[in-house]
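J.: All chains should be modelled from the sequences, with the hints used to inform the complete structure.
In order, the protein sequence lines correspond to chains A and B. Take the first sequence: its letter number 55 is residue 94 in the working numbering, and every next letter is one higher. Take the second sequence: its letter number 79 is residue 82 in the working numbering, and every next letter is one higher.
Treat the hints with care, as some may be off.
What the hints assert, rightly or not - Straight-line Cα separation of at most 30 Å, DSS-like style, residue types lysine-lysine; simulated pairs:
| id | chain 1 | residue 1 | chain 2 | residue 2 |
| --- | --- | --- | --- | --- |
| 1 | A | Lys110 | A | Lys94 |
| 2 | B | Lys45 | A | Lys138 |
| 3 | B | Lys45 | A | Lys42 |
| 4 | B | Lys23 | B | Lys58 |
| 5 | B | Lys45 | B | Lys23 |
| 6 | B | Lys44 | B | Lys23 |
| 7 | A | Lys56 | A | Lys102 |
| 8 | B | Lys45 | A | Lys150 |
| 9 | B | Lys45 | A | Lys56 |
| 10 | A | Lys102 | B | Lys44 |
| 11 | A | Lys110 | B | Lys45 |
| 12 | A | Lys42 | B | Lys69 |
| 13 | B | Lys45 | B | Lys67 |
| 14 | A | Lys42 | B | Lys67 |
| 15 | A | Lys138 | B | Lys69 |
| 16 | A | Lys138 | A | Lys96 |
| 17 | A | Lys138 | B | Lys58 |
Stated by the list, open to error - These stretches of chain B come out as covered by chain A in the derived footprint (C-beta under 8 Å, 3 or more residues):
| id | region |
| --- | --- |
| 18 | 47-59 |
| 19 | 107-120 |
Hints are computed from structural coordinates only; laboratory data are not their basis. Glycine residues also receive a C-beta, built at the ideal position from the N, C-alpha and C atoms.
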Amino acid sequence: SQKIEQNSEALNIQEGKTATLTCNYTNYSPAYLQWYRQDPGRGPVFLLLIRENEKEKRKERLKVTFDTTLKQSLFHITASQPADSATYLCALANNQGGKLIFGQGTELSVKP
Amino acid sequence: GAVVSQHPSRVICKSGTSVKIECRSLDFQATTMFWYRQFPKKSLMLMATSNEGSKATYEQGVEKDKFLINHASLTLSTLTVTSAHPEDSSFYICSARDFEGTQETQYFGPGTRLLVL
Chain A
40 SQKIEQNSEA LNIQEGKTAT LTCNYTNYSP AYLQWYRQDP GRGPVFLLLI
90 RENEKEKRKE RLKVTFDTTL KQSLFHITAS QPADSATYLC ALANNQGGKL
140 IFGQGTELSV KP
Chain B
4 GAVVSQHPSR VICKSGTSVK IECRSLDFQA TTMFWYRQFP KKSLMLMATS
54 NEGSKATYEQ GVEKDKFLIN HASLTLSTLT VTSAHPEDSS FYICSARDFE
104 GTQETQYFGP GTRLLVL
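T.: If you want it as structure tokens, here you go:
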């Protein structure tokens, strides 16, 4: 069955450092991979989408890579700030805007 | 970005009652909306796909008679939890699909916390 795994441990980093979150998947060949941010008690907020034929995508301090050979995506937040503290979810889809399969999320804590 | 609202934000009800949750796309029309549930520290699990003007498509293991979905207009989908029991207590989140140029994106509502006593 399809399986998505993100860093199971919470990630604690110092302000100003780069946070790197991992998303690995098996038994799946997604056409799209998306990253969302979720704050406690709130719905997910869309951050970035990357297609299977794209290696890298950037948006301000965010960078996403997508390696379909390794079946892995890396999500980077550069110059991290305490306001970046949240849970980050990766989600896979076969069709743009279609059903999303979510990972369990990685909780990021940025300390001042 | 597009805005999706949910109402109510939290609800407490007695076991055996039915609860209706509304999901609205505020500044765009959505032919397709999705309903998810999320347990504490767990991932979002897709329950069903709601299509305007037609029957919802439920994921395996989700009881369609228990979780009634109505997508009567291009901006509103409702989820009714019928005869709710304590095990139905969860965080319910909807999303609506929007188009931006050539890209389709799902925008999520803020969620509804349901507690069944």
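J.: Each of the hints needs a verdict: does it hold here or not?
T.: So, going through the hints one by one against the coordinates:
Taken as a hint, the Lys110 of chain A and Lys94 of chain A pair is honoured in the structure, with Cα atoms around 12 Å apart against an allowance of 30 Å. Distance check on the hinted pair: Lys45 of chain B and Lys138 of chain A sit about 18 Å apart at the alpha-carbon level, within 30 Å; holds. Taken as a hint, the Lys45 of chain B and Lys42 of chain A pair is honoured in the structure, with Cα atoms around 14 Å apart against an allowance of 30 Å. Between Lys23 of chain B and Lys58 of chain B, the direct Cα distance comes to roughly 17 Å. Compliance with the 30 Å bound is thereby established for this hinted pair.
Among the hinted pairs, Lys45 of chain B with Lys23 of chain B is consistent with the structure: their alpha-carbon atoms are about 23 Å apart, no more than 30 Å. In summary, the hint linking Lys44 of chain B to Lys23 of chain B is supported, as the alpha carbons are separated by about 24 Å, within the 30 Å threshold. Between Lys56 of chain A and Lys102 of chain A the CA atoms are separated by roughly 14 Å; this keeps the pair inside 30 Å, and the hint holds. Pair hint Lys45 of chain B plus Lys150 of chain A holds up; C-alpha atoms about 24 Å apart against a cutoff of 30 Å.
Among the hinted pairs, Lys45 of chain B with Lys56 of chain A is consistent with the structure: their alpha-carbon atoms are about 27 Å apart, no more than 30 Å. Only pairs whose Cα atoms come within 30 Å are accepted, and Lys102 of chain A paired with Lys44 of chain B is accepted, the gap being roughly 25 Å. With a CA separation close to 22 Å, the supplied pair Lys110 of chain A and Lys45 of chain B stays within the 30 Å bound. Of the pairs offered as hints, the one joining Lys42 of chain A and Lys69 of chain B holds, with about 27 Å between alpha carbons and a cut-off of 30 Å not exceeded.
The hinted pair formed by Lys45 of chain B and Lys67 of chain B meets the criterion: a straight-line CA distance of about 23 Å does not exceed 30 Å. Our distance criterion of 30 Å between C-alpha atoms is met by Lys42 of chain A and Lys67 of chain B, whose separation comes to about 25 Å. For a cut-off of 30 Å, the pair hint linking Lys138 of chain A to Lys69 of chain B stands: about 21 Å separates their Cα positions. For the proposed pair Lys138 of chain A and Lys96 of chain A, the alpha carbon gap of about 22 Å is at most 30 Å, so the pair holds.
At most 30 Å may separate the alpha-carbon atoms for a hinted pair to count; Lys138 of chain A and Lys58 of chain B meet this at roughly 16 Å. With 4 residues having a Cβ less than 8 Å from any Cβ of chain A, the region 47-59 of chain B passes the three-residue criterion, so the hint holds. Given as covered by chain A, the region 107-120 of chain B passes the check, having 9 residues with a CB less than 8 Å from a CB of that chain where 3 are the minimum.
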